[in-house]
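Novice: Position chain B relative to chain H; hints supplied.
Heads up: the protein sequence lines correspond to chains H and B, in order. Those letters in the first sequence? Residues 1 to 415, by the working numbering. Those letters in the second sequence? Residues 416 to 830, by the working numbering.
Derived by calculation from the structure, the hints in this document are not laboratory data. Be aware that a few hints might be false.
Cut-off 25 Å, straight-line C-alpha distance, at most; resulting in silico cross-link-like pairs (PhoX-like, lysine-lysine) [to be verified]:
#1 H/389 x B/571
#2 B/460 x H/207
#3 H/168 x H/156
#4 H/57 x B/460
#5 H/156 x B/804
#6 H/267 x H/411
#7 H/122 x H/57
#8 H/267 x B/727
#9 H/130 x B/779
#10 B/804 x H/267
#11 H/243 x H/411
#12 H/57 x B/472
#13 H/103 x H/156
#14 H/44 x B/472
2 protein chains.
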Amino acid sequence: MIEIITIGDELLIGQVVDTNSAWMGRELNLAGFDIQRITSVSDKKEEIEEALESASKRATIILMTGGLGPTRDDITKQTLCDFFNTQLVFNEEVFADIREFLKGRVSNINDLNRDQAMVPEKCQVIRNSKGTAPIMWFDYNDSVVVSMPGVPTEMKMAMTNDIIPRLKEKFNPGHILHKTVLVYNIPEAVLAEMLTQWEEQLPDDIKLAYLPAPGRIRLRLSGRGTNMELIQNKIEEAVKRLKPIIGDNFYGEEDVPASMIFADFFKKTGKTLSLAESCSGGYLAHLVTLMPGASAYLKGSLVTYSNDMKQKLLGVDGEILNKYGAVSEQVVCQMALGALNVTGSDYAIATSGIAGPEGGTDEKPVGTVWMAWVGPGQKVESEVFRFGKDRERNIVRTGEVALIELMQRMKKGVL
Amino acid sequence: MIEIITIGDELLIGQVVDTNSAWMGRELNLAGFDIQRITSVSDKKEEIEEALESASKRATIILMTGGLGPTRDDITKQTLCDFFNTQLVFNEEVFADIREFLKGRVSNINDLNRDQAMVPEKCQVIRNSKGTAPIMWFDYNDSVVVSMPGVPTEMKMAMTNDIIPRLKEKFNPGHILHKTVLVYNIPEAVLAEMLTQWEEQLPDDIKLAYLPAPGRIRLRLSGRGTNMELIQNKIEEAVKRLKPIIGDNFYGEEDVPASMIFADFFKKTGKTLSLAESCSGGYLAHLVTLMPGASAYLKGSLVTYSNDMKQKLLGVDGEILNKYGAVSEQVVCQMALGALNVTGSDYAIATSGIAGPEGGTDEKPVGTVWMAWVGPGQKVESEVFRFGKDRERNIVRTGEVALIELMQRMKKGVL
Chain H
1 MIEIITIGDE LLIGQVVDTN SAWMGRELNL AGFDIQRITS VSDKKEEIEE ALESASKRAT
61 IILMTGGLGP TRDDITKQTL CDFFNTQLVF NEEVFADIRE FLKGRVSNIN DLNRDQAMVP
121 EKCQVIRNSK GTAPIMWFDY NDSVVVSMPG VPTEMKMAMT NDIIPRLKEK FNPGHILHKT
181 VLVYNIPEAV LAEMLTQWEE QLPDDIKLAY LPAPGRIRLR LSGRGTNMEL IQNKIEEAVK
241 RLKPIIGDNF YGEEDVPASM IFADFFKKTG KTLSLAESCS GGYLAHLVTL MPGASAYLKG
301 SLVTYSNDMK QKLLGVDGEI LNKYGAVSEQ VVCQMALGAL NVTGSDYAIA TSGIAGPEGG
361 TDEKPVGTVW MAWVGPGQKV ESEVFRFGKD RERNIVRTGE VALIELMQRM KKGVL
Chain B
416 MIEIITIGDE LLIGQVVDTN SAWMGRELNL AGFDIQRITS VSDKKEEIEE ALESASKRAT
476 IILMTGGLGP TRDDITKQTL CDFFNTQLVF NEEVFADIRE FLKGRVSNIN DLNRDQAMVP
536 EKCQVIRNSK GTAPIMWFDY NDSVVVSMPG VPTEMKMAMT NDIIPRLKEK FNPGHILHKT
596 VLVYNIPEAV LAEMLTQWEE QLPDDIKLAY LPAPGRIRLR LSGRGTNMEL IQNKIEEAVK
656 RLKPIIGDNF YGEEDVPASM IFADFFKKTG KTLSLAESCS GGYLAHLVTL MPGASAYLKG
716 SLVTYSNDMK QKLLGVDGEI LNKYGAVSEQ VVCQMALGAL NVTGSDYAIA TSGIAGPEGG
776 TDEKPVGTVW MAWVGPGQKV ESEVFRFGKD RERNIVRTGE VALIELMQRM KKGVL
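Just chain H, same shape as in the assembly:
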């Protein structure tokens, strides 16, 4: 059993979101380890000590991040010395690594950098190729404590290249299998009722979890055991019975972002895509271009945030704009056709809505979003969505929904 301890006042007062432990949890879980607990504590010595003490009573593996920077708000190393009854010593190899890392980055090594080469005598040092803070591995009884810097790139590099392989070798964690089924546009309680009978028939060693996201639910099936083929068969059997129950609301079965599901699907069609964005304001293009290889199919996006840009860049009719307003079926369809024509792409998506917090009316409240999709033969599909009041959520949902809806329409042969 593993516990993760993340250190830093900034985590407790919410100035930094702890994404490290989520990343570590995912990687360790894929490697077959169970994560029992994640604890975030402040930079205070007694807090770190108490967290380490109590974790050591429950867990055999303790992974710590944070509290190792060059600046004076860091006291983790001294705490580790006290816990393991050892002292800090100057480590030539660590210092050589620090010098190497800083070469060309700073004009000269300062005392703070030199201090970073002081490490507890009892630990094994794991080299940090991405920064100046050392990574420390302590063996004690049959347990392990590892202390890493809180900078995500440094932590990830050390976990991937050194720590996870060493843990696997030392603890031989067995295997775990996950399968995620992606469901779209069904409220959680409704879905739960639809699945009651199916759930009752799940084998005992297959666990189900509902993971809600904006407008979507991920159903996660997990199985653990020694006979992985058997577990895999059980999971596949369960998924096979699940799909007809979900029907059209099923949209994928990989635990990856909606944009990745879309990218994998769209890339295979060999077609090209363009975007015309108003309320999504570039986020739709960002979702698509975040995926490597987007240049193979994305021509571009025209983020026409003002009405004159909608006319000038996309050829939207000024009279239609005046008559129906920018957030309307008429305008969003013209935007999609405009993007198709300007870029010469095979498909186009357009969005126009009121993201908020201002700009809502009785007829078109904040959260009203029109979308249009156009495909071969200039066939246009459009739909209006009523999202919520939160600007960021409205933008994110617009982006995700726009991609899933195009994919679903293409799969059904509507576009």
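Specialist: What follows is chain B alone, placed relative to chain H:
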């Protein structure tokens, strides 16, 4: 002292990042409370119990989120009953709220929804206007335990409207003051050395923390006390002495995203902006449009992901493209001028780079990003940046740096 307990297997295996506790930490801290610890545990009854037991020995306020959805992977309520030695009873008012909330959303109330109206007899129920899971407040001795759903909108509404006001009334936490100074483009250890003397002169009751972000460092000064005017004066005095040391690398003093600093600055100029994006792929437009009121100054963004779009939409010269490649000073400058001319904006920003993971060469490795800024009189400034190997980080840094650099150039009068 407050402890937060977040519940859910999905947190431990990294399928969901725990953003709730960061939000809660920030709001509670602003309200003058100290957050001592954040613990994330699985949905297992014994884990929740143990976390609650041990937190109750250290903290006077325990805030729990998660484990209250309508589906069967939720067991928090039963655990709370055992801890407080009470039982679940049907609550008519909660059921009325659930019915009201689901009206128009689902066709009929199911058993799972009815179960949600079962609450521990000993608790006070706080109404949940954003969902169906009840919010439960337990008083015991001089302490408080509150259990909330894990859905962020529901948790935030309850915290803001009910829980924080009640906690303030009951515990009278005093005041805390934070001030953040934003520094740009100085490595942490170099900054720490520059600030050594200044730090030594800080008053004892003013605390300093370094909060690194990609390419930036936030310096946070915190003071706590009863005489807030005195604390404020001390912090302001310290900031006044700090600014000349940081010089041009100072770019703001509010703990908000770089894009908000930019938006606040740019909006005041009364000028308009347009964007021409290649490697940032719409993220730059997203950063700008995420801020409410962006339509007042943003004309639009031309996300020209392919070379032919750069020519067609921005008028980039095909020969220049062939000769220097898309990732070059020549092309990025033409892109910026193209955006200015096409949209008629006062200022424009252009980006062209190799985000990765593919597409790097010896001469232009992954992470090479050219940016250009153009302003009145078509004056163009350009600069090349060498970021890292990670696609997402390169995109994010490109967006943030592009905005800060335009702002700095405008402030200096270069553009």
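Novice: Look at each hint and say if it fits the structure.
Specialist: Now the hints, each set against the structure:
1. H/389 x B/571: Judged against 25 Å, a Cα distance of about 14 Å means the pair holds.
2. B/460 x H/207: holds (16 Å)
3. H/168 x H/156: With Cα atoms ~16 Å apart, residue 168 of chain H and residue 156 of chain H stay inside 25 Å; holds.
4. H/57 x B/460: Judged against 25 Å, a Cα distance of about 19 Å means the pair holds.
5. H/156 x B/804: At roughly 13 Å apart (the allowed maximum being 25 Å), residue 804 of chain B and residue 156 of chain H satisfy the hint.
6. H/267 x H/411: holds (13 Å)
7. H/122 x H/57: holds (20 Å)
8. H/267 x B/727: holds (24 Å)
9. H/130 x B/779: This hinted pair holds, its Cα atoms lying about 21 Å apart.
10. B/804 x H/267: holds (23 Å)
11. H/243 x H/411: Holds, at about 16 Å.
12. H/57 x B/472: holds (17 Å)
13. H/103 x H/156: holds (22 Å)
14. H/44 x B/472: Distance of about 19 Å is within 25 Å: holds.
In this structure, every one of the numbered hints holds.
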